[in-house]
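Hints are included, so try docking the two chains, each in its own frame, into the full complex.
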Amino acid sequence: MKTTRRQFLGGIGTAALAGAFPMPALAQAKPKLVVIGGGPGGATVAKYVAKDSNGAVEVTLVEPATQFTTCFHSNLYLGGFRSFESITHAYDKLVSKYGIRHARQMAQAIDREKRTVRLANGTNLAYDRLLVAPGIDLKFDSVPGYSEAASQKMPHAWKAGPQTQLLRRQLNALKDGDVIVMIAPPNPYRCPPGPYERISMMAHVLKAKGHKKARIVVIDPKPNFSKQALFMEGWQKHYPGMIEWQDPKMHGGIKGVDVKTMTVNTDLASYKAALVNVIPAQMAGKIARDAGLTNDSGWCAIDATSMKSAVDANIYIVGDASIAGDMPKSGFSANSQAKVAALMIRGELTKSATFPARYTNTCWSLIETDDTVKVGGRYEPKDGKIAAVETFISKTGESADLRKQTQVENMGWYAGITADIFT
Amino acid sequence: MHCWSKFLSLTGSAVLTLIAVSLSASGQTSSDKAFGQYLSSECVTCHQPTGQYQGIPSIVGWPEATFVEIMDEYRSKKRENPIMQTIAGRLSQEEVAALAAYFGSLSPPAGGSPTKESQKRRRRQ
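So the protein lines, in turn, are chains U and G. Each residue of the first sequence is one higher than the last, beginning at 1 in our numbering. Each residue of the second sequence is one higher than the last, beginning at 1 in our numbering.
If we strip away everything but chain G, and leave its shape as in the complex, we get (with noise of 0.2 Å):
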């Protein structure tokens, strides 16, 4: 993974003040944590903030890389769920990692890491 890996090992904050000065230099709208609160709204109508799996596996807590490389994959079309290559396709990797600062940031339910079981789950879809 090109440069990312550097910066997303970055902690969530960081990498969102990080977003905001490349942003605002490369002219685009500034992404301070209002901008990726902003766009996590969009993940929570299916993604539950509370971590919590009804079907739709949990995004909250994951490694920073995790969720990138994931992303990363739906953009590339080499995961299979449309509903995600779309949101996937029009998200920058600025965005992206915003997200993934956000979303790593909340608590998976039960504590600790992501489970086994939701690891396996995401890996399927």
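Extracted from the complex, chain U is given alone in its bound form (with noise of 0.2 Å):
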């Protein structure tokens, strides 16, 4: 992702530099919003109130990026079911359509008693409400010889970008009977089935090149995973053979990796691998964290109601580094918390009408060319958490035209969110 950092204003669209800046008098009777993060969480929040309040709230989108590549269908892009610019999205509407500053900058302090944010650039941006949405952060350390410069070796690929791009590179160079190591992550993550669709891609892409000796062995500090049943019935009919899936049981502990060998040890066995996909455990976005607003677990509390921060009245925080109860860390979680946030934010500045918060989330995986599968439920605030009060799961044994119909689904979704989010 492109982060290069430009002044402040150069950011700003004609649409909202006339709105925005002439008279300081007019500018300061609104209330002003600012919203750190352009991920599905803070690009929706900056639209909905920019949108519903009709101009009477200023919003100012802190993000150094011009586009957002999507972690969600990612995965499809590895598999070659997507190109990179089918899932990239341009920030340049949410400014000409609904006259949101864009602030292209990174967001480096929060000022909790001034209710300021301090930009790279110095500039100190004045909020009477402050959404953070900063996402995930990787602990690089958590698995022991694995750091940020290891990545361009053995790349994690779990914030899309040019880390994706890598190990899709790296997939395509494969030869028959290389090996594919993953390091999937320790709970809470970003997008709970997402490192076994990922696996389903790596193993699609080898089948497609009539790889015949094709083995990928995923290492799991976890016991059990999202979509378990689905996934290995998926793996058992389409690749069997190639998926060595192993929990802490098969393989003893995560001992660590070697960059230079490219080699992931574990308590019981030491694989030297042409591909290394090291997902590392995961914390709420550095901003969240220097702020104070993270608790003991290094993600953020929240009240289920509305998403407000539980350690500060004039915060929100929506997406990957809240502690959203049931809810899983997914960009549908994200675009859902982030309608709640929005609408408690206008009642509290403009005095619009609010209404009991309600979340939902679905979450797609692709195991093979037209066989999806989906988990997802609808959540509400109860004894002072997002409690899931219903949910649902794809079966296993379900028909080829169900699951074919699921990915129509699911690439239908994925339009209509990011149309939802950037436009």
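Since the hints were made in silico from the structure, they are not lab data. Model, not experiment: these values are computed from the prediction. Mixed in with the good hints there might be a few duds.
Unchecked claim - Below, computed lysine-lysine pairings styled on BS3-like, alpha-carbon distance capped at 25 Å:
id : chain 1 : residue 1 : chain 2 : residue 2
1  : U       : K404      : G       : K77
2  : U       : K404      : U       : K209
3  : G       : K78       : U       : K404
4  : G       : K33       : U       : K395
To be verified - Beyond 12 Å from chain G on every Cβ pair, some chain U residues (computed):
id : residue
5  : N124
6  : Q170
7  : S270
8  : K385
9  : L402
Backbone N, C-alpha and C define an ideal beta-carbon position, used for all residues, glycine too.
Given below as structure tokens:
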């Protein structure tokens, strides 16, 4: 992702400029929302507050990049089912259609006393309400021997962008008989079925290339994983003998990686691999941690009825950085939480009506061409957390027609949610 | 369909006004246009408000009675999609009516009512 730092003003579209800057008196009359992070959580809050307040709230999106590559469907890019361009979305419509100010800067610090956000270029943005949606940071040292530098050789690809492209290049360069090792992450982490969809997409690529001796080893710190029965069934059906998933009882513990020799060591074995995908443990993005918005878990506690921070009444937190109870960390969840937060923020800033929070999520996973499964549910605040009210999951043994229809739905959802976030 | 048919023949805005009255009378949150708009924000994660079909059926520009009927069929699990069963299951009849009015008021793509193709797709799902 492009992270060049530009002048703050350089990121502001002419439409927004006309409305936002001219007369300080006018500008001061408007309540200010600052949004940190332009992912599915932050961008959705920015859009919905700007759109539904009809310009009554001055909305600034703090995001260094000019476009966003979605983590969701980045596995489909890996598998050759989508182009990189098709999972990349510009922010320009948020500026031109809704008058959102786009500050193309990294947010460096939050001053909760003064209610300001300091940007990398030294600008301070004042806020009445702040939305913090920084997503995840990776705990590189959760896997001994791994580091940010090592990710250039053993990609994590858990933040979509150049890492995803690197992983695809490595995958496409494999020769028949080469070994892939994935180190899966411990809970909680972004996109629970994601590692296993990724394994499926890797297997799909190798199978499509006609590899007969391909071997993919998954070293998992968890005893079980999301949609496990569905993935296991699909792997057996489409990729027999190719994928070897190991829980802690099978590998005895992850000892670490050696980047130089491309080796993964567990208590019971050592694997020399041509491709190593390390997905480390995760925590809320740095700015949330630095601002004291996280608790001992490394994630941000929120009020389940509003997505407001548990520790600061002027700050809301949505998406992967938040502790959202039974909701998984997903783009769909972030978008759903964002609509609740946007409603509550408008209620506070413009006295508009608010309604009880309700949340939804669905995660689709592609196992092989036209074979897609899904899991999801609806959620409501209950006993101080976001609790699942009703959930559903695809069944093993479903018909090929239903699985194909589920993939059509998956693609339709992607088109819908990205239109909802970015246009 | 119960007492709703008469109700649904009213215009969208009238429906919303009536709902507001009926809900406040029953002690629930007011259901004005803002409520319909908030409810619709859940739908548009998948169903595009422009009515564009890219894998998930368009729900804009439908006759309100059709919208309510289909949601009833999800609620009673006559229709099989578990996502829609879950969504419909938590909506009250007043909320479904508000959504029917809201999406009914939006224009389908290329003008006119839903095409035969989109009707067919809808029936399948």
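So, going through the hints one by one against the coordinates:
A distance of roughly 21 Å separates the Cα atoms of U/K404 and G/K77; the hinted pair therefore holds under the 25 Å criterion. Taking the CA atoms of U/K404 and U/K209, the gap is about 22 Å. The hint holds against a cut of 25 Å. For the proposed pair G/K78 and U/K404, the alpha carbon gap of about 21 Å is at most 25 Å, so the pair holds. Under the criterion of a C-alpha separation no larger than 25 Å, the hint pairing G/K33 with U/K395 is inconsistent with the structure, at around 39 Å.
No beta-carbon of chain G comes within 12 Å of the beta-carbon of U/N124; the shortest separation is about 32 Å. With 12 Å as the threshold on Cβ separation, the claim that U/Q170 sits away from chain G holds: the shortest Cβ distance comes to roughly 30 Å. With a closest Cβ-Cβ approach of about 43 Å to chain G, U/S270 is found to remain outside the 12 Å limit, as its non-interface label requires. Distance to chain G confirms U/K385 as a non-interface residue, since its nearest Cβ pair spans about 18 Å, more than 12 Å.
Distance check on U/L402: its Cβ comes as close as 9 Å (rounded) to a Cβ of chain G, failing to clear the 12 Å threshold; non-interface status is violated.
Of the numbered hints stated above, those contradicted by the structure are hints 4, 9, listed in ascending order.
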